[in-house]
Each structure stands twice: as structure tokens, then as C-alpha cells.
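Undergrad: These are the residues of each chain, in order.
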Amino acid sequence: MDASLIDWSRAQFALTAMYHWLFVPLTLGLGVIMGIMETIYVVRGDEYWRRVTQFWMKVFGVNFAVGVATGLILEFEFGTNWSNYSWLVGDIFGAPLAIEGIVAFFMESTFIAVMYFGWNKVSRGFHLASTWLTTLGATFSAWWILVANAWMQYPVGTHFDPDTVRNEMNSFGSFLEVAFSPMAVVKFCHTVSAGWLTGAVVVVGISAWYLLRRREERFARSSMLVGSIFGLVACGAVMLSGDSSGVMVGKAQPMKLAAFEGLYDGSEHAPLTIVGDLKIPNGLTVLATHRWTGFVPGINDILEGGYTLPDSTKALSAEEKMSRGVIALDALTQYRLARAAGRTEKAVIMREKLEDNMPYFGYGHILDKQDLVPPVPLVFWAFRIMVGLGSLFCLVFLLLVIVQYKKQLTRWPLLLRVAVWCIPLVYICSQAGWVCAEVGRQPWAIQDLLPVNAAVSALQSPAVRITFFIFLVIFTLLLIAELRILFRVVKKGPQIEEQDNEQKQTD
Amino acid sequence: MITYTFLQFYWWFIISLLGGLLVFLLFVQGGNSLYHWLGRDEAQRRMLINSTGRKWEFTFTTLVTFGGAFFASFPLFYSTSFGGAYWLWMLILVSFVLQAVSYEFQSKVGNVLGRRGYRILLVVNGFMGPFLLGVAVATFFTGADFTVNKLRLGDVTNPVVSSWGSAWHGLEALSNPWNVVLGLGVFFLARVLALLYFINNVRDDEVESRARRFLKFESILFLLFFLSFVGRLVTMPGLAVESWGRVTVQPLKYLNNLLEQPFVMGMFLLGVVLVLCGILLTLRVRAFRRGIWLSGSGTVLTVTALLLLAGWNGTCFYPSTADPHSSLHLYNSCASPATLQVMSVVSLLIPFVLAYIFYCWRAIDRKPITRQEMESGEHKY
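Line by line, the protein sequences are chains U and Z.
Numbering follows the working numbering, with no gaps: position 337 of the first sequence is 337.
Numbering follows the working numbering, with no gaps: position 120 of the second sequence is 120.
Hints listed in this document are in silico derivations from the structure and should not be mistaken for laboratory results.
Note that the Cβ used here is the ideal one computed from N, Cα and C, for glycine as well.
A couple of the hints might just be wrong.
[Unchecked claim] The calculated lysine to aspartate or glutamate pairs, modelled on EDC-like cross-linking and capped at a C-alpha distance of 20 Å, are:
1. U/121 / Z/205
2. U/353 / U/163
3. U/121 / Z/375
4. U/121 / Z/373
5. Z/380 / Z/204
6. U/369 / Z/155
7. Z/150 / U/163
8. Z/55 / Z/365
9. U/353 / Z/155
10. U/353 / U/304
11. U/279 / U/268
12. U/58 / Z/375
13. U/58 / Z/373
14. Z/367 / Z/205
15. Z/150 / U/330
16. Z/150 / U/168
17. Z/150 / U/268
18. Z/150 / U/355
[Unchecked claim] Which chain U residues stay away from chain Z? Per the calculated CB distances, all over 10 Å, these:
19. 46
20. 168
21. 286
22. 403
One chain only, chain Z, in its complex shape (with noise of 0.2 Å):
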């Protein structure tokens, strides 16, 4: 029996599985942050780019995607995060608008901005969208000054439903070193991912034994920001939630689902696992380069199983710090059991789509970007 209270968790299942896609495919701006650097002359950097062009639209739609699940599921996310942190959400979406038009626009004639300026976007997409992107997850579990009151609506003055405490409309979220800690933990996350897309996507030997000396030192920044924050994480309270909507501050929330929910404690462990193998593969075994299977899977299995941890076990996904029980939660925030059954529905469709993408990934990559291909007169960026 199909009951609301189990699409409320699937739903959030979905969410959280999106998450994690979303943030494995951060691998393209991972390499807008890099490219530059890792090319030391044009043809090498033209094949970097033509590399995650091929790719950024996966990125793209899966945060297009994102945004309309949590929008049907959470609406009142949705609402309050989005119309709150205001300031966060825009410079994230600028970023992603300005990468759009990059990859296609920068080796036309007559661009505007010339080649330098568009790639220049690129890199600003870089380093903006990972990190921001990992500051706005790291608000479900250290919260956001806002509040809902579903009476205001009643109020002709001023009927907005929810409200945000800070003048800085998500800035704010800055401010908070916990914050940050997760956003470069993505950030980091993103490079050492697009470091083995690279390895395992371009045929260059020089490109590629510079991406893996790269991938040493970016995998232990990226594991000095992740393990802080997960350190973090196990050790701080949190909200939880009753079903029937009492909240309260509960000392080590977090580790507790860890230890209450041994399905996704071991995806965690799985994922952090593949991520390990991946890049430690990778670093020791020269003719490896499927470094970014294990570390991609890995990457979707981690982040899904912590976004699990921020919404299952009776736990408010969306902490409130002005007013606790203005929290959200699975069972205040989501959508009706119709809405919810619908788009269940449309769930089903999810594999096939992720099956096509497979198919299409092979079939454009069967062979790995090379220099001759890059002077040929197929489409290129």
C-alpha cells in the first residue's frame, strides 16, 4: 500500500538522487575551473573545453531538473528558499546563464565578447557554481533565518507567506564557516572529478600527467574540507520533527540517523569508498584512467545518502534559526498525495532516461577527444 507518508519519502528519495547527480555532473565546471591551467597552449586547452562542452548540458538539465522537482514536490522550499536567499540563488543561476552561452559562443566569428571574454565566464561558472551551490546544500543542516505563516495570507497589506529574517537575502549563509567549509568541499570535489573526466575523456599525454599530478594535491583539499564537514556534521544537533509536527533541538541528530538508517549509512561509506578508489586508482596505477566511474558513482551515492540524512528519520530538512517551528520538513513542506502520486508516476520514467543518456555518453565517446580531431572539420567549440 502506496501511503503519503511513503511518497513523502520517496519524493525526497528522488530529490536527494538528483542532488547527487547534480553534483557528480559539477565535474564540467570542475573543469572550467581548471582548464586554464591544466592547458599550457591553445590545441591542449581547445580539447579541455571541447571535453565538458560535451557534457554541460547533462549539468544543466539536471539542475533545470532539480529545481522543477523540488518546486512540484517542496513547494514550500521552494517558496521560502528561493524567494529568501534571494541574492545566493541569483549569483548561482547568473553563473550557469553565463557558462550557457560560453561553450558555443566563444569560437564564433563576430561573438561579442571575444574568445578570452567567454572563456573568462567559464571560469568565473567555475569557481562560482560549485561553491555556492555547496554553500546553499550546506543551509539544510545548519539552517536559515526565515519563517512561515500561513495566516498572513488572510493579510491584504501583506499576504507573502514566508519571510526572511536577513537583509542579505542568503548572503548571510556566508557568514558561517560551516557553510563555506561544505561549499569547498564541492568545490574541490568538482575539480578532482573533472580531473579524472580528463584523464579518462582526452587523449594527451602531457595533459594527462599533469592532471594527475594536479589530482594529489586538489583530492587532499577536497578531503580536508569534506572531512571537516561530515566531522561536523556527526557532532552537531539538529532538528527533528515529529509526525505530528513538534520540533525539537536533538543532540547529535545527525549521527543518530547515521546509526538508525544502516541503508544509508552504507551508501555513505560505499560512496566515500568509490570515491576513494577512484582517485586513489588512478594516482597509483598509470594506465588507469576509469577513475571517474568509481569516483562519479561514488560522488551520486555520498552527497544522495547525505541529503538522506538532511530529510528522513523525523528531521527538518530546512532548519529555521529565527523560529524552529517554522522549519520545514516532509511533512509541512511537501506536495498533495495526488501531486506526489502523479509525478511518482513520472519517476518510473527516470531509468529510461538515464538509460538514453548512457547510450548517447558511448556513443559520443567511444573515441577520447584527441588533437587530430581538434583540427578536423567536425563541430567543435
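So that you can see chain U by itself, here it is in the shape it has in the complex (with noise of 0.2 Å):
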């Protein structure tokens, strides 16, 4: 295949997964506090947290409609611009973009209309179940797009099917194996609660902006007070999540989490790196394994082979599954033509040898093994943000609980001004996650079964190139407009005080 073509056409998917997902954070998080909110409104029946959750409503829906525009291409492009990807695992991978859209985003776009237009035409019950189901929508969507990408790290509950000449599923079982697979399970908890958190950032953020400003107290320290503890309680899940999915990506994907740490050559007592030479004594050994000793494949020992895997076998090393993967392709190829000519003893025997070289198959389309790496530095700090900026975001909430338990919030202005600057280092950290989870997975598009250069469509290159640029500047603008009527609508302000006071007047 065309390099460029390659290239650009994960470049236009980078792009357009990258734009998503500075949206859906927040439409996970926000939904969540909103709903808090409005709950407290009806409980309470105080019209002052009504309008509280009108305020954040209206930065939910600005952010909301950019979302479900980079969405829609998101899902349409593994048609567009990877049409072979589509037919070889679309058999099960479509179904959870299927039930995605009938379960959860009909759902959440529903229930969002009437959360908006509903507030004097429903009655309160109706408004509230409106507004959590409006979550509960863009959370099942999550689910279901994270059991779509976990197969693709994970795949579990398919078999190749030479006849139709695509992976399937089985059963109801092979179903259930998909979409509860251990993957599916930590990469759910650990993106929908990186989403809480940063909603919760950004409310403590917009909060402490007026707290510094001495603008809308009431409302800032409410808000606070929600987001604070409910970010402590996302900080709390981002982390255990985050420790399973070590866990899971030293199991699935070795060569990701070699990638993390920079690991070239591996050993029983591996150590976490931090920074350059600091490092923790046998850190990575304890977190890929939770044991104290296991031995931690580096980049150089997945390429070269010979270690004992955890089942016990020896590993091949790359050039062995390079070769096993082209006897299967070539057997796949051989079996096809000995069915077409009704030649059946052969194809018994070629049927045998696929099967045999089925779990290197994808292996056959890798052209050189140093293309089993993945971008080593990218990968290696992009893992070092998402977890540094994480660990800021816990203390930062935590001292925030704890200050607001003293009522000394507004003594402590250098963590109201830490807190504001936390929103545009939420966005950073939820995008190095993304970029250790897609981009630390390299070359494959399905893990071991289909690298990204056999995944493409057969298109020209020039096309996708055009395209790029087409969404580049579609979705740049629309972010670009997203922020400003944010900053405005921030900078105005919910002016539920003002409102008071002029309501007093009239009385």
C-alpha cells in the first residue's frame, strides 16, 4: 500500500478521534454534576439550584452539539478510510456502534430536548428523570464505543472464517465475551471517570475564576463544594482504573507498556521510571503484575523472542511470527483456490495450516519488524503527563474538600488560581491518554490480527490528504467558536444574584 496513503488516512483518524474526545469528557462529567444539581433542586425545591443547573445546562449544551458532530464523522470514517478494517471485523465490530445508536444515543438525544425545551412544558419528576437519562445515554454510549476499541486492543470471542473470509463471532457467548471482556470492563471505568474528573475541573475551575473575582460567590461556592467532592470521588476511581488497565495493557499488549516506561530490555524486577534516572526500585514489575517479582518483556525481548510467557511457552520472536503470518496469509490465498477449483483434500490440509498460523496472521502484512514499535517518546511522555497531571488533579481536589470543610476557601487564592489553571491541563491529560492508548498500540489497527496498512481503504492519497485539511479546518473553527461563546458565557456569568435583586425590586 501507498505509504502516504497510510499515513494520512491515520492522520485524518487521529484527527477527528483527537477533536471527539476534547467534547465527550465533559459531556460525561458535566452531565453527571448537572444532574447532582438539579437533584438537589428538587429535593429541596429551591429555585436558586434550578438556576444553578440552567448555568452549567447552557455550557453543556455548547459543548454537546461539537461532540456529536465529530462523532458522526468518527463513525462514518471506518467506512470512508478504512473499508477493509470494516469488512474484516465488522461482523463484530459493528455491532456495538449498532447498539450504541439504538440503546444509548437515542436515548441521550431524546431526553436532551426535553431537558432544554422541557422546563415549562414537563413536570419536575419528568424534567430530572430527563436530564440523568440524557447521561445515562451519553455514558451507555461510552460504554459501548469502549467495548468497540477495547476489541480492538483485546480481541477476544472471534474466530477468522476462511469461507467468508472475515473474523466473526460465534455465539450469544462469543457477544458477551466482546462486550464484557476484562478490557472493555477497565477502559469503560477508566475513560468514563477521566470524563467526571474533568468536568469536575472545569466546574471548579469556572468557580474559582469567580471566587478570585468576588463574582457570584453564592453560586461559586456551590458549584465548588459539588464539584470538588465529586471530582475527590473521580480522582479516586481515574486511579484504581488506571491501575487495572496497567495491568491488563502488560497482559494484552506488551509492546504498549514497554512503550510507557521506554523498557528496551526487560527483567523480573523491572523498575518504574519517572523521569530520566529517577526511577522506582522494581515499580513496573508491582504494577504490570501486581506481584513482586514477574518478568516485564522490554521493546528489545518482545522483538527477539525467547522469554517464558506467562502461559509457560516460549516467546517467537518477530521474524518467527513474520513468517508464520505470511505462510497463513499464503494459506488463506491457496485454500481459497482449492475451493473454487473443488479441489477439497487440499483445502482440508491449507484450512489446517491457516488455523495452525492464525493467531500471527496479521503479522503477514508487517514488511519490517522495527514497524512493530510504536513511537517510543511520544508514547513514553505522553504517559508521563496523563499521570503527573492526574496526580496533581487528586491533590488539588483534595485540598479543596478540605479547605471548604474549614470554610477557608478564599484564603487560599494560589490553589483558587491552581484550580482555573487546571481546566486547560485537564484537556492536555485526557488527550495524552488518548495518545498512549491508540498511539502506543501502533502498527495495529486490531491487535496481532490486522496492522493499520492492510486496514486501509484503496483510495488515492491526494483525496484523503484534501480531507484532512477539510475536517482540520472544520473542526478548528468549531472549536475556536465552542471557546469563545464558553468565554462568554462564563465571563456573563449565571447573574443569579443580580437577578435576586432585581426580582426584590419589582416586589
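Could you fit the two chains together into a complex? Lean on the hints.
TA: Structure follows, in C-alpha cells:
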């Protein structure tokens, strides 16, 4: 395949996914916070909380629209730019996407209309239910998308059928394996809790900005309280799920884990690198295996093979895997030709040969073993940025909860300033997380089954280059518009106190 | 006993139904193409935009679900058509992306493009979306220039199974006049449905009388293009497939499909009658405002029936003009039995989804949109 076509197709998909992932986390997090605030309104019957909720709904609405727009392109790009992928794994991968549409996206988009336009048209209870169902819909949506993504990283519940020339599900059991694979569970928990964290950081950051300017104080304090407690809970969930995620990556994608750590030569007591020579002895082994002793392979080990795998077999070298991959591809071609010519005996032999070498099928499309190594510096630093910033947010939320408990919030202006700066940082953090997950698994579209060079559509590279720039311009424009609108919304503020004063004067 | 063949037919029905619902919901795009001319002042235009603005997400979600369901149930179509007719699908998607933000952003301070800019994008979506979707759907009958060769997967230098013949990658569909005819048919249908929807949903005497005037003209154009396409359809040959995969050209294939499937013919005729009733009653009876429900349900039935004609009764639903044997049909392009079974269980939720959509729609539309509502402090675009 044309290398430039593959690169532009990857660039376009990365662009769309990264832009999409700018907007989705806030939807997930802010949705829950709005739900909590509206619940307080309904329980207490206090009109003030209704206005607090409505302010955050304005922010939610602007952000939601762009998330929806980028999501549409993302779904269809599997077909437009990764057509071979769509055929080869559509039987498994398409189902979560379709279920997302039927079960989750309709729920989200139906109830969001009630959430915005129903304040004076439906009962309080129905409105509250609509707000929660909108958030639940977004969360279900994330579940199914992450099921699909997790399957790409850890393809369980599937077999290759040489007659249809694609990967297929066997039974309802295979679907359950896909839908509830351990990778899907940890990915969902980690990604959704990261979304909660983003929502909390945005709410807390904006509230801190008001407090620093001595504006909207009552509103800011209420929002800060809800946001920081929720943020602290989210931090716990992010850390726990991040830890489980590390173990899963170590098990299913050892090359990705080695890239996270820049680990070239593995050991039984692998250290965890903080930066440079600052290392925690044995840290990586403990994180990746949850045991004191356990071999964590480095990049060279994975390429050269020969180490003992958890199932006690010897790891094959990259060359051996590639040659067995070539055998698998050839066996598939021979099987198809034998079937077409009616040579049943040969077909049986070729099928057996294919099945013997199937675990290495994707390696048949790898031309150079160095292609199996993802861009290590990018992944290494992205991992550190993600973990470092995540730890900072935990600390900030902890301090904020403490100073609020001691009723000393405004005595800590530095903490409030840090909380404001956390808003851009949380986006850098979540993008770094995306880079870890997606760049770290290159060159695989589907781990060990299908590399990106065999997944792409047969297009001309200039066509994809043009659409890349079209999307770059559109998405950037949308981002700028969204940011400007949000800045204006925040600058104007909820004006609850002003409205109250006006109301009093009228009375 | 639920057989694989039954599941294939069932899933083509689900796809056809989603296609029918999508075309009905294109009234949002029809409204986008009309609001500027139907509303003469800002207050009227705002009412019209807010009217469709409360429904755009249904259309958008149906489009996403239509894509997702096609991917899951007929992955070879998804890979061949989307990867091949690249520009056609990209144009459709871009027009919908621009629309997605235009409602929400247009009235917000600091929105970069200004109200006028976003409204132009709504109009672009209103013209491009339905027309190009109609052109894309027409290729289910007129075919496209592609080949499918699964042996290619073993070729390391070019492992792509589906390849497209034309360097225009989908835009060549516009050179077939019948694709354009159906595109225009869908475009004018979307506008007719939008007019009926506005008559039902917006309470403003001027807008209503103008909408009724527009309706006459738009309906004539819709019928002209729609009937021309149907005329062509029942006289054209089609590619037939036998269950073991042999593809042959059959004269009057789609007419035969109608005659051999009375259920589909009944659905088609009932749909057309309902569409016409909705239009005629609205034109003739001054107080009648429920045309959208008659014509809307008629549209769902008609489009569903048309898509069933394309796929059922041993028909290639995506004929290849380059190599008839590469044509896609229910037997060679659908998902595995296990996936179709799983998806069929999920599809049982569809009536439940439709029920809550209907309930929420009614809750929001209990009171039609008025000038007073536009002047109130409630959320609006």
C-alpha cells in the first residue's frame, strides 16, 4: 500500500478522534454534575439550584453539539477510510456501534430535547429524569464505543472464517465475551471516570475564577462544593481503573507497556521510570503484574523473543511471527483457490495450515520488524504527562475539599488560581491518555490481527489529504467558536444574585 | 425456527425501516432549505428555526443508527460503498456536521461566524443533505462502479478487498440522470414534509398561509420527480441473485418484485396514498394541520417498501456496474448468524425506543411554537 495513503488516513482518524475526545469528557462529567444539582433542586424545592443547574446546562449544550458533530465523522470514517478493516472485523465491531445508536444515542438525543425545552412543559420529576437519562445515554454510548475500542486492543470472542474471509462471532457467548471483556471493563471505568474528572475540573475551575474575582460568590461556592467532592471521587476511580488498565495492557499489549516505560530490556524486577534516571525499583513489575517478581519484557525482548510467557511457552521472535503470518496468508489464498477448483483435500490441508498460523495472521502484513515498535518518545512522555497531571488534580481536589470543610476557601487564592489553570491541563491530560492508548498500539488496527497498512481503504492519497485539511479547518473553527461562546457565557455568569435583586425591587 | 435466511431478510427490513424513518426525519433539512423564504421577518424565521431545531437530533441520531446498523448487519456494503463512494459520503457527512452546531451556536454571543453564517450552513445542509442522500439511495437500483475480490487479502502489496473503478469516488453517481431524479425527489419530499410540519408546529397566520401556498408548488415538483423515478424503476432491468450466488440480469426485475411481493406492494401503495392524503387534506381543508402525521407515516412506508424492493426477492441491493458478480446481495454481504441473532435481540428494543421518542415529542410539542414563546426567557436557538 502507498505509505502516504496510510499516513494521511491515520492522521485524519487521529485528528477526528482527538477532536472528538476534546468534547466528550466534559459531556460525561458535566452531565453527572448537572444531574446532582438538579436533584438537589427537586429534593429541596429551592429555585436557586434550578438556576445553578441551568447555567451549567448552557455550558453542556454548547459542548455537546460539537461532540455530536465530530462523533458522526468518526463513525463513518471506519467505512470511508478503513474499508478493509470494516469488512474484516465489521461482524464484531459493527454490533457495538449499532447498539450504541439504538440503545444509547437515541436516549441521549431524545431526553436532551426535554432537558432544554421542557422546563415549563413537563413536571419537575419528568425533567429530572430527562437530565439523568441524557447523562445515562451518554454513558451507555461511551460503554459501547469503548467495547468496540477495547476489542481492537484485545480481540476476544472471535474466529476467522476462511470461507467468508473475515473475523466473526460464534455465538451469543462470543458477544458477551466482547461486551464484557476485562479490557472493555477497565477501559470504560478509566475513560468515564476521566470524563467525570474533566467535568469536575471545569466546574471547579470556573467557580474558582468567580471567587478570585469576588463575583457570583454563592453560585461559585455551591458549584465548587459539588464539583470538588465529585472530583475527588472521580480521582479515586481514575487511579483504581488506571492501575487495572496497566495490568491489562501488560497482559494483552506488552509492546505498548514497554513503550509507556521506554523499556528496551526487560527484567524480573523492572523499575518504574519517573523521568530520566529517577526510577522506583521494581515499580513496573509490581504495577504490571501485581506481584513482587515477574518478568516484564522490553522492546528488544519482544522483537527477539525467547523469554518465557505467563503460560510457560517461549515467546516467538518478531521474524518468526512474521514468517508464520506469511504462511497464514498464503494458506488462505491456497485454501480459497482449492475451494474454487473443487479440490477438497488440498482445501482441508490449507485450512489446517491457516488455523495453525492464525494467531500470527496480522504479522503477515508487517514488512519490517521495526514497524512493530510504536513511536516510543511520544508514548513515553504522553504517559508521564497523563499520570503527572492526574496526580496534580487529585491533590488539588483533596486540598479544595479540606479548605471548604474548614470554611477557608477564599483564604487560599493560590489554590484557586491553580484550580483555574487545571482547566487547560485536564484537556492536555486526557489527550495524552488518548495518545497512550492509541499511538501506543501502533501499528495494529486490531492487535496481532490487522495492521493499519492492511486495514486502509483503496483511495488516492491526495483525496485523503484534502479531507484531512477540510476536517482540520472545520473542527478548528468549531473549537474556536465553542471556546469563544463558552468564555462569553462564563464572563457573563449566571447572574443569579442580580436577578434576585431585580426580583426584590419589582416586589 | 429462525434461520440464517430469515435473519438476513429481517435485517434488510430493519435497514429499510431505518431508511424510511431517516427520509421522514429529513423534514428538518427541508425546513433548513425553506426557512429563509418562508419567514419574512426575524421573528418568523426564529420560530421556524426553533421548530426544526427541537427535532434535528432525531434526524442526526437516525443517520448515525442507520450507519451503525448497516455496518453491523451488512459490513460488506459499509466497506465497499463508504470506502469507494468516498466523496459522495463525505459531502453528506460534512453537510450534517455543519448543521449539528449551527442550531446551538447561531444565537450565541462570540460564535465567530455570526448568526447569518450559521444560518447559511443550515441552508447548505438543507439543500445538500436530502439531495445527496437521495442520489446515494438511487445507486441501490442503478448500481455503482466497484469490484469485490476477497482473494486480495493474501496480497501483501494490495490487500484491500473492495475497490472502486471511478477516480471520482462517488461523484460519478451525479452523472446518472436517474440518480439525480431520485435526489431531487427526496429533496422536494423533505421540503413538502417540512411545510406540513411547520403548519402543525408553528402557530403564526402569515407563516401558515405562506406554507400552504408553497406546499402546492413543492408537492407538484416532488410528484414529478418521484413518479418519474418510480416509472423508471418498474420498467428497468435489475440484477437477480439465486440463493447459491449466481447473478443474472432480469428484465423488469423491480416490477416483478412488486408483483411477487403483495405485502411490499401494499405497503408501497398505502404509503403513497397516505403521503398524498396528507398533502391534499392540508391543501383543501383550511383547519387541517395534521398532514405531517399522514404524509410522514406514508413516507416511512413508501421508502421502506422501496428499499425492500431493492433487497428482497433475490435482488442485488447494490449492483456492480463493473462486474455483476461483485454485486452485493443479502447472501454475500451480511453479517454472520451469531451477529445477526445478537442484533435481532437488540432490535426488540426499537419499539420501546420509538415509544419514548413519541412520548417526549408530544411532551415538547404540546403547545405549538408562538411569537410569545420566542420572546420569553426559555431556552431557544
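Undergrad: All hints are to be evaluated individually against the structure, with a verdict given for each.
TA: We went through each hint and held it up to the structure:
Taking the CA atoms of residue 121 of chain U and residue 205 of chain Z, the gap is about 23 Å. The hint is violated against a cut of 20 Å. The straight-line distance between the Cα atoms of residue 353 of chain U and residue 163 of chain U is roughly 15 Å, inside the 20 Å bound, and the hint therefore holds. As the CA atoms of residue 121 of chain U and residue 375 of chain Z are separated by approximately 16 Å, the hinted pair is consistent with the 20 Å bound. About 12 Å separates the Cα atoms of residue 121 of chain U and residue 373 of chain Z, which keeps this hinted pair within 20 Å; it holds.
For a cut-off of 20 Å, the pair hint linking residue 380 of chain Z to residue 204 of chain Z stands: about 17 Å separates their Cα positions. Using a Cα cut-off of 20 Å, the hinted pair residue 369 of chain U and residue 155 of chain Z holds, with the two alpha carbons roughly 19 Å apart. The straight-line distance between the Cα atoms of residue 150 of chain Z and residue 163 of chain U is roughly 10 Å, inside the 20 Å bound, and the hint therefore holds. Our distance criterion of 20 Å between C-alpha atoms is met by residue 55 of chain Z and residue 365 of chain Z, whose separation comes to about 10 Å.
Among the hinted pairs, residue 353 of chain U with residue 155 of chain Z is consistent with the structure: their alpha-carbon atoms are about 18 Å apart, no more than 20 Å. Distance check on the hinted pair: residue 353 of chain U and residue 304 of chain U sit about 24 Å apart at the alpha-carbon level, beyond 20 Å; violated. Using a Cα cut-off of 20 Å, the hinted pair residue 279 of chain U and residue 268 of chain U holds, with the two alpha carbons roughly 15 Å apart. Distance hint between residue 58 of chain U and residue 375 of chain Z is fulfilled; the C-alpha atoms sit about 18 Å from each other, no more than 20 Å.
Of the supplied pair hints, the one linking residue 58 of chain U and residue 373 of chain Z holds, its CA atoms being roughly 19 Å apart against a limit of 20 Å. Of the supplied pair hints, the one linking residue 367 of chain Z and residue 205 of chain Z holds, its CA atoms being roughly 16 Å apart against a limit of 20 Å. Annotation: proposed proximity of residue 150 of chain Z to residue 330 of chain U holds, straight-line Cα distance about 13 Å (limit 20 Å). Of the pairs offered as hints, the one joining residue 150 of chain Z and residue 168 of chain U holds, with about 15 Å between alpha carbons and a cut-off of 20 Å not exceeded.
In summary, the hint linking residue 150 of chain Z to residue 268 of chain U is not supported, as the alpha carbons are separated by about 45 Å, beyond the 20 Å threshold. Restraint check: the Cα-Cα separation between residue 150 of chain Z and residue 355 of chain U comes to about 18 Å, which is no more than 20 Å; the hinted pair holds. Look at residue 46 of chain U: its CB is around 19 Å from the nearest CB on chain Z, clear of 10 Å, so calling it non-interface holds up. Its beta-carbon lying about 4 Å from the closest one in chain Z, residue 168 of chain U breaks the requirement of being farther than 10 Å from that chain.
Separation of residue 286 of chain U from chain Z is adequate, the least Cβ-Cβ distance of about 39 Å exceeding the 10 Å criterion. A cut-off of 10 Å between C-beta atoms confirms that residue 403 of chain U is not in contact with chain Z; the least separation is 33 Å.
Checked against the numbered hints above, the structure violates hints 1, 10, 17, 20; every other hint is satisfied.
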